[in-house]
Structure formats: structure tokens, C-alpha cells
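Asks: Sequence:
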Amino acid sequence: MEKRFFSGRLKEYVWEENGNVVAMLSFGNTADHDKAGAFEIWRIYITSDFQGKGIGHNLIAFAEQAAKEEGYTEVVIWAFKNNLNAISFYRKHGYILEKEEYLGKPYLTMGVRLNKKI
1 MEKRFFSGRL KEYVWEENGN VVAMLSFGNT ADHDKAGAFE IWRIYITSDF QGKGIGHNLI
61 AFAEQAAKEE GYTEVVIWAF KNNLNAISFY RKHGYILEKE EYLGKPYLTM GVRLNKKI
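Under the UniProt record's numbering, the first residue of the sequence shown carries the number 1, and numbering increases by one thereafter.
Hints may be right or wrong, so weigh each one.
Unchecked claim - No more than 27 Å apart at the CA atoms, straight line, and that leaves these computed lysine-lysine pairs for DSS-like:
(1) K99 x K116
(2) K81 x K99
(3) K116 x K92
(4) K92 x K11
(5) K117 x K99
(6) K92 x K53
To be verified - Here are the in silico distance ranges between beta carbons for each label pair:
(7) E12 x G52: 32 to 40 Å
(8) G71 x K105: 32 to 40 Å
(9) G94 x D34: 14 to 22 Å
(10) E98 x G71: 17 to 25 Å
(11) K99 x N18: 38 to 46 Å
(12) G94 x N29: 31 to 39 Å
Since the hints were made in silico from the structure, they are not lab data. Backbone N, C-alpha and C define an ideal beta-carbon position, used for all residues, glycine too.
Modelling step: build the complete structure from the supplied sequences, incorporating the hints.
Replies: See the structure below:
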């Protein structure tokens with residue numbers, strides 16, 4: 001995995017296979033006011049051809065290890081409520097459904113927040 005971007009608040013990484021970016025991960029401190037001090041995985045994206053190959057597991061493990069090293073004790077992740085594959089993936093990795101919320105513009109859909117104590 002290679003660190004590609006650092007925006008100050010978020011750290012962003014890409015996963016490459018044969019010189020092609022097939023996944024990305026970004027994480028940092030959460031913006032959720034009711035979870036001040038929690039670590040948030042902001043994005044995990046994996047191209048469809050590479051899903052189910054263990055990359056997602058490696059990305060989430062990498063993010064959780066980074067959170068531990070930075071002294072965090074809780075990780076949160078948001079997903080669209082209708083993204084059942086993502087929610088199932090996070091639950092398999094020990095995350096529990098914590099909250100449901102209307103996300104407003106630009107999403108105009110419901111989101112769910114999952115969390116895990118680390």
C-alpha cells in the first residue's frame with residue numbers, strides 16, 4: 001500500500017496491483033460532534049474486479065492498526081443504509097450498527113454509522 005495524499009486531517013492510501021490502482025483508503029479524526037476524539041475510516045473503495053480477494057480486510061486492519069498507534073480506542077464508519085454489502089462487510093469485521101441518520105445534500109438518503117472499540 002502506498003500513501004499518496006495527506007490533506008492535513010485525512011491520510012489517504014492506494015492499493016496497487018500490477019501498477020494499477022485497485023483500491024483506496026482514507027482515515028483520520030471523525031467530524032461527528034457526538035464522537036469527538038474517535039477515529040473514522042472515511043473511505044474504503046475497491047474496484048469490483050478486486051472485491052472478495054482480501055484487500056478490504058487488509059485495508060480495514062491497516063486503518064485499525066493506525067488508529068491504535070495514534071492512541072484511539074474507537075473507530076467509526078459511515079455507509080449508505082442501502083449499501084448492504086458494505087454494512088455486512090463492516091459487521092463481519094466486528095463493527096456494530098450504532099445510528100441511522102438522514103444525510104441531506106448532496107446524498108439525499110439515509111446513512112448508518114457503525115463503530116468498533118479497539
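Asks: What hints, given by number in increasing order, does this structure fail?
Replies: As far as the earlier hints go, 7, 12 are violated by this structure, in ascending order.
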